[in-house]
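There are 2 protein chains.
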Amino acid sequence: MKVVIVGGVAAGPKAASRIIRMNSDAEVTIVEKGMFLSYAGCGLPYYISGEVKEQSQLMETPAGVVRDATFFLNVKNLQVRNRTEVLEIDRSNKRVLVKARDSGSESWIEYDKLVLATGANPVIPPVPGVDKSNVFTLHGVHDAEGIKTILAEHKAKDVVIVGGGLIGVEATEALATHGCRVTVVEMLPQILNILDPEIARLVEQHMEANGVRVLTGSRVTALECRGESDDRITHVCTDKGDIQADMVILAVGVRPETTLARQSGLALGDRTGAIRVDDHMRTSDPDIYAAGDCVECVDRITGLPCYTPLGSTANKQGRVVAINICGGDEAFPGVVSSSVCKVFEYSVARTGLTERDAVSKGWDVITAMAPGPDRAHYMPQAKVLLMKIVADRKTGRVLGVQVTGPGEAAKRVDVAATAISSSLTLDDVAHLDLCYAPHYSPALDNLITAANVARNKRDGLMTGISAEQVYRKIQDGEDFFFLDVRSPQEYDQVRLPSSTLIPLGALRKRLDEIPSDREIIAYCQISLRGYEAALILKGAGFRDVKVLDGGIAMWPYEKATAQSS
Amino acid sequence: MKVVIVGGVAAGPKAASRIIRMNSDAEVTIVEKGMFLSYAGCGLPYYISGEVKEQSQLMETPAGVVRDATFFLNVKNLQVRNRTEVLEIDRSNKRVLVKARDSGSESWIEYDKLVLATGANPVIPPVPGVDKSNVFTLHGVHDAEGIKTILAEHKAKDVVIVGGGLIGVEATEALATHGCRVTVVEMLPQILNILDPEIARLVEQHMEANGVRVLTGSRVTALECRGESDDRITHVCTDKGDIQADMVILAVGVRPETTLARQSGLALGDRTGAIRVDDHMRTSDPDIYAAGDCVECVDRITGLPCYTPLGSTANKQGRVVAINICGGDEAFPGVVSSSVCKVFEYSVARTGLTERDAVSKGWDVITAMAPGPDRAHYMPQAKVLLMKIVADRKTGRVLGVQVTGPGEAAKRVDVAATAISSSLTLDDVAHLDLCYAPHYSPALDNLITAANVARNKRDGLMTGISAEQVYRKIQDGEDFFFLDVRSPQEYDQVRLPSSTLIPLGALRKRLDEIPSDREIIAYCQISLRGYEAALILKGAGFRDVKVLDGGIAMWPYEKATAQSS
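Chains as they are written, first to last, in my numbering: chain Z, 120 to 684; chain C, 120 to 684.
Since the hints were derived computationally from the structure, they do not count as laboratory data. Be aware that a few hints might be false.
One copy or two, it doesn't matter: identical chains are merged, so the pair holds either way.
[To be verified] Subject to a maximum C-alpha distance of 25 Å in a straight line, what follows is the list of computed PhoX-like cross-link-like pairs (lysine-lysine):
1) Lys502 / Lys461
2) Lys276 / Lys251
3) Lys121 / Lys628
4) Lys172 / Lys502
So that you can see chain Z by itself, here it is in the shape it has in the complex (with noise of 0.2 Å):
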């Protein structure tokens, strides 16, 4: 059996192992456009930040094999044509045209089956000046080089980065790390698209307080040359003013590479442009697999094709390709949109469907907010976590969670994935039995808890209101009474705006100061004793009490502090 791979990073190699393991008398080819094979394109922003040392550890084994052509044959019996481009797809002949990039020598190699790993290209967003010599995507190794160049010999202070998705992000805490002085430049009205907006919006505080400029809801309209080199851009102009920059990151997304596809009449998915393939990984030719960031996904909660490019998903597919060439039956079921990145100190980490996702394809949501400590209060190591979780109000069934702050967020989310996957619903999340020690998470852990207070709001037992309509009344000077149920020594620290202090333990004795005609919103740090509160406000007969959800902890706009106030 013959079996040639395009695409030698990610989903290729791994297929292309994964053959030779189950059928060792395959003749398995690689060919590769690029030099590197297998290299870890998701450690380019750590090699930038001077985490990890040499650029030859994003190509090693973990037992420090680089993984050349001579490794790839030697250990895994498969031919690999590095430095080569595949021309053309002749399916009829079922055979590749490719030519070699150095010789220019092209040939013919026949196949039985084909596979499809070509990966994806950065976007390169149409304004003038991306062409210049210190304007870098952040894709391959040869960027990461060329920006470390920048960084070494020019000294760059003043970094624009043009998107705030999550390699956007990544590239900021790589750049900040390194000294510069970064400025997010984002279209969108938030960054990290794949967060609810008041989620993101506690991650650009973070990124903040990190002295990162973040400016949203901002569109580049070019990028010029004002200094001594015309090939050296020194000002990113933006609809909102122009900014310096020393160097510049275009991060405004990755389009799937679907050129060879597209030529021989392979099936495209409509709104994602990338590679269709059934649960097999085939293309509309049964002899043509195709996986990773190529490729199309399914969305397992909305059964909605969806395009969701990751190394993790890259590997999981190049294996299933493999099994099914190989005469196994093996379907890949798609994919919960799974992701996470380190901001400083920050996690954020996020699964299925946002609040805005999920209404936006006709869901009747619940949602919750659940600050709190990633271990018992009180150990030492306990660190903020700040939670969202978004659930079908009929059915309760789970259909996301976001999660950041610097606790540990991954472990919740993966949790949260498997239970999405599972199709749990709110109530068998909240009596998953979760491994409990103090070191590790609080007694009823972060997602116990953020599922349980959404069962509280179901059940009628809390009504809470978000931060950003809060926000609006008190933009609007609406009539409401705000209700702080900390200690004074809390709030002598920080508040919120208009805001009344009763501490929750005197509330029982002062109810006679609590206005028994207007809307009353009460909150705390987390809002755990306004929960308290409301419930002892509505035992005593008042009638419109709301908690605000998320408490001071996820309150995303100002808040008067000891300084301030």
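Keeping the supplied structure of chain Z fixed, place chain C upon it in accordance with the hints.
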């Protein structure tokens, strides 16, 4: 509605608070025989070690308010009678007889619903000397204070921990952190009987590397005072010899406190001896509920009763009790016996069934070992995780996962616990969309790799052999070819006995050095290269080729090192 709750530590206060939240008219009284309420018993080892500075921290809310009787009254509207014992339950008249420990006065309290949250008591082994002044259990705040006093005043240096279960191991770490020389005496052939022996042995090795002496298979026969004081133990006598001791901690397990339940004729579990409850946490008397360390649970995998006292479970059960008492309909689905503890630099976490459990209950299992870094291997923060997965061979259903090592074990076990609760198979787990970035996991998470290794074994791609079987072969002088396929540098540093080195990259060219008529067992550091080697050999016609499960990383016996060889 009048509710009386017996027990004020975990399940009791949780049930009480929730009842008042759901029904502000309820009259709820907590009767607690001790002084302290809602204290964090699980935190005691960290109070002893000094990580938690003040006793009061274990009794405070996250906002720093001590949970005393005033707190419960003012904030929760709960009546608390601490230092008060329940002497009798009069089921026919629905009332309990209580006695204040200070005044000695007795009185009856009527109830509509009664909740037993009586907890558990430490088992005291029936040997002479357990009543001496430097012998402790690790159960209540007074134990921790006693231990701290001995440490401070008597400069205890030699401490013997009787029992190598979770509490014994946590106590060991706390006292070793204090600079004590700790010896653990365990009757069974291994510590941490919640693990399979080879995983427990890895933890033992880590404890030994931290200066702890671990004596398994050793029975304590007496605690003796051979010093000046006849109230202070100086020696722990075992069937293997005597051990000097300045302090002894008894950690041989806990037993459910069921005196009241028994006296009042409530049903107890046959095998567990704990209070029997239905899935609504009702005892055999429909007006009496029970929750926490005093009740029997259901194992969600086997459907059998089990006894797994844990603070996390107690909190969940307390909530279920409250909902049902207030007219709701909530079932507690049972547990999958997840637990975690910290042992020096290692975490130890597990969920579901061990191989031994599963086999003893009649399952035909497939197991896999998956050692590896807990994040992208090129990240400097990557730490090793040593994982074992157990699944049903027929259906592929995941039955249990055990993880230890310095990496993030709890995260993987929480995902596994969720998967097991959802009856996921190895195939399902292999396709979980867990969140990936180099800082958080390898592109294929450790749990996914473990599932894939098990699938490879199931599908006949890999034949594993356990370290124990190989060790026995070596001991018995059996004839087999033990093939190390790492690099010469790795082989020089550490190797397994009787092994021959042929690095993987050279294997295809050196096949003539491999005997074709002998059993071949291949290994490397984590058995990924060992697996590749086995595939190469099988492809080359070798018939009897196995791979050492878990490689050197999970070899629990002696190794030859550069120093020793």
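Against the structure, the hints:
1. Lys502 / Lys461: The answer is both: 15 Å in one copy and 18 Å across copies each meet 25 Å.
2. Lys276 / Lys251: Classified as within: same-chain Cα gap 18 Å, cross-chain 69 Å, threshold 25 Å.
3. Lys121 / Lys628: Between copies only: 23 Å across chains, 82 Å inside a chain, cut-off 25 Å.
4. Lys172 / Lys502: between (29 Å within a copy, 17 Å between copies)
The structure shown violates none of the earlier numbered hints.
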